[in-house]
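Peer 1: Chains as they are written, first to last, in the numbering used here: chain A, 1 to 324; chain B, 1001 to 1307.
For the record, the hints were derived by calculation from the structure and aren't laboratory data. Here a beta-carbon is modelled for each residue, glycine too, at the ideal position from N, C-alpha and C. A hint or two may mislead.
To be verified - According to the in silico footprint, chain A covers these stretches of chain B (three or more CB under 8 Å from chain A):
id, stretch
1, 1147-1158
2, 1212-1224
Claimed, not checked - Pulled from the structure, derived: some chain B residues nowhere near chain A, Cβ distances all over 10 Å:
id, residue
3, Asp1066
4, Ala1197
5, Asp1198
6, Asn1291
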Amino acid sequence: MTVPVLELKDVTKTYRVGQGFMKPKATLTAVGGVSLTVARGEVHALVGESGSGKSTLAKLLLGLIAPTSGEIRIDGVPIGQTDRREVARRIQPVFQDPYSSLNPRKSVADLVALPLVAHGIGSSAERQAKVAEMLDAVGLPRRVIDAYPNQLSGGQRQRVAIARALVMRPDVLICDEPTSALDVSVQAQILNLLMDLKREFRLTYFFISHNLAVVEHLADRVAVMYLGRIVEERGREGLFGAPAHPYSRALLDSVLTPDPDLGMPEAGISGAFPNPIAPPSGCTFHPRCPQATERCSREAPASVAFADGFATCHNAGPALALAG
Amino acid sequence: MTAPAPSSALAPAAALEAVPPRRSPTARFLRRAGRNPSFMIGATVLAIIVAMALFAPLITAYDPYDQDIARRLIPPVWHAKGSWEHWLGTDKLGRDYFARLVYGARISLLIGIATVVVSGLIGTALGVAGGYFGGRVDMAIGYVVNVRLALPVVLIALAAAALVGSSLETVILVLGLLLWDRFAVVARSATMQVAHADYIAAARAIGCSTRRIVLSEVMPNILNPLIVVATLEMAHAILLEAALSFLGLGVQPPLPSWGLMIAEGKQFMFFSAWVIAIPGVALASLVLAINLLGDGLRDVTAPENRS
Ligand SMILES: Nc1ncnc2c1ncn2[C@@H]1O[C@H](COP(=O)(O)OP(=O)(O)OP(=O)(O)O)[C@@H](O)[C@H]1O
Ligand SMILES: [Mg+2]
């Protein structure tokens, strides 16, 4: 069996958060016991509501923060044992907001060349050639090379961010909601660009989104995250055809409502997103779950295996999945 | 479903999006500055004073140290007894007042600039370190800033001058070591804002060293407020030097410091008010010009910070 590009084993990230003056600090579990494998060349999507810990997981994968416990492996090598610069050569981010992810004081040429400069690659002429090559690859006209971010549209900025991420020829791109800050008209362009680049540069994507419609269009595998935990992890057909977890079903239902752009798909589920500092007992989803039983509030569910993945639910039998 | 249409809308679509005329941040800054009256007035007055200081020997033929006991306290030209020979008059030792004023500009500017360089380096280093690293580093630096804020500047400067003796170098050193608090506070809060931006996370994910991140990602983005602080502190330092010199614990005679000129003239102020009015006006103009420049700079650079 080939070694997966990314492998997470029981990764947990907790924060100590103050609750106000003179109150004791509480523990917030942003990511709890996440195990995932991402195979080379696939698009692995991660979906979930706001606050479910998606960005925290992305930061863990990028090595920007260290896990509280658990292990992250890149090509089988634990991230802690790898040089940070080596990680940077393999994994690059594309952030959500290109208005915040590009230094406003730098020209496009400097922004895209930064990885090369930081790693001391090439002469300045060689870097310029690489930058031009990258601008071509992301579909930016070469005349923007001296422009500053504030002179570019949101879509153009995101193309610059993608060019910067690709200039080191990484294996993996971590895309944290790469289109949700953009105009609807530009979103499809950027998604198509990402898919074209995946083929051209043989990339693996870890693709974070809260828009299931986008995910269905491009993902090979989908992980559904709720309150820091993966509640279901399936192949695309499996998840969209026969979702096993009630939360996955609720997310899917909300996509099918007339206006899926209303924002977070909270419409499908009753109740508010729980406080991550004091998560509900048992299955953390039970207060909002339409199928919750008394057992759900007592016992945390174990994973139920499927042919193409798993779901963490007491009632996640295949029969139930078909009924949904 | 809002599944995106699988069309290949790459290069043509991007090319359609208009690119506004290319203008670097510097070019935009200069355009806005040109339209800001307080910036322009401050810059003009300051430029005149700087030119005076730089080209002092070309502006006046007199030596500011040349005494002429026979020609003491000649009033300026607009007085009945004045003459164009010494158009701003002479002081109690018969030295040409205009020459002393022109050479005195050198002292004031030197003090202002040198102090701001020293205090700016100290304050910015502390503030950026606190804002960028946060946690314990920030707490320790916050403590140092509080200690500094608890010290009264004038008293410390007086004590230092009394201890090690007063001289130009002492004044610069003492003020430089004292006036960094605002740099630290402003640098800290500006850095904290910038440090949360995604481009810092991106730089770290790219594999940039902390040094590179601080110098090339953080610093350019916090420079504007620091330049404004620098102008305020420069004016502050110039006034403090004048005050210390006036008290006899700053620049020592016979150097032509404006504060010292006021001090030396104070015994004649009832009968020859111009002796202190002239350096007083010069001092006020310089400080006002620097403050106007700082205000203008703040207005000119603020829109960028807000966006
Ligand atoms: N540095 C931090 N300190 C304390 N708590 C944090 C920190 N970073 C994230 N959190 C908390 O961790 C939880 C998960 O946050 P995260 O940003 O990963 O969510 P997300 O799924 O990316 O949400 P969104 O869709 O809004 O981006 C949130 O409750 C958040 O408040
Ligand atoms: Mg997020």
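Peer 1: Checking against the hints above, which ones are violated?
Peer 2: 1, 4 and 5
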